[in-house]
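For this one, chain A is given, so just place chain B on it according to the hints.
Chain by chain, the residues:
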Amino acid sequence: MPLTSQLRQELFATIPRLRAFAISLSGSTDRADDLVQETLLRGLANIESFEPGSNLQGWLFAILRNLFRSDYRKRRREVRDSEGCHARNLKMLPSQSTHLEFLEFRAALAKLPEDQREALILVGASGLSYEDAAAICGCAVGTIKSRVNRARSKLAGMLYIESLDDFGPDQTLRAAIGSSTA
Amino acid sequence: MNDLKSKIITRTPPRKNGLTPEVQARIGHQLRNMYEDIVRQGVPERFAELIRKLDSGADSSAAASAEDDDHDDDHDLEKHRNAGTRQNTGGD
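Protein sequences appear in the order of chains A and B.
Under this note's numbering, read the first sequence as residues 1 to 182, first letter to last.
Under this note's numbering, read the second sequence as residues 1001 to 1092, first letter to last.
Read the hints as simulated data drawn from the structure, not as lab findings.
Every clue listed holds true.
Covered stretches of chain B (in silico footprint by chain A; criterion: 3 or more residues with CB under 8 angstroms from a CB of chain A, positions within the stretch not fixed):
id, region
1, 1022-1028
2, 1031-1041
3, 1044-1054
Backbone N, C-alpha and C fix where the C-beta goes; we use that ideal spot for every residue, glycine too.
Extracted from the complex, chain A is given alone in its bound form:
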């Protein structure tokens, strides 16, 4: 469909959620905003192929996801230390919990396999249905469900179970982060 002013408004309205998806995926606000910009440009370039009345957000999420994945593969060869960067790059302070807890959560999220992380973000964070998430990822609904389940289990293992060992490496890391952010 042509780019009507209504469609422009819808594009605009989608931006905050596109950013939330991009930042959650990449862990870096700067990189996420570049991704969002590229997604918008690519969406505009192909706007004729967007079906009126269909799900604009899902359509843009799918574009952003594909951009991120191709970019991610390129970068993975260059940057080995992505886990640490993921948490460090995110500078904003969340309102919901302590900064430390937030950093731990981000670091754990970054350690998930890519497929599981994106499934968990789509379903658990942005609140999409399994069906919508499956459409965006181009896979079966059952695949999304199992990825989300595995992602949750891994996060729990990293955040809430291992930490029972108060003197394990996790504690050391926490102390190190704590002293640098205090």
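Chain B only, in chain A's frame:
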């Protein structure tokens, strides 16, 4: 932090996926808060400007920037310029 975690780990039997309902709820809460904190930041100026330029119609940022980069062999820019042109001529 340790207090918080010890509260999370309860004696409730885990579900099939190995998580207690409390842990599952905690993860869901963290995810949604992380996400909504970003959503609440709204639309940064760079994107507001991009959309405004589309609104002005006469010379969309998309078409302009692609033409400036004529020599660029990036296929996306090429496609993008075409879209910008269509949008200007067929505009509303």
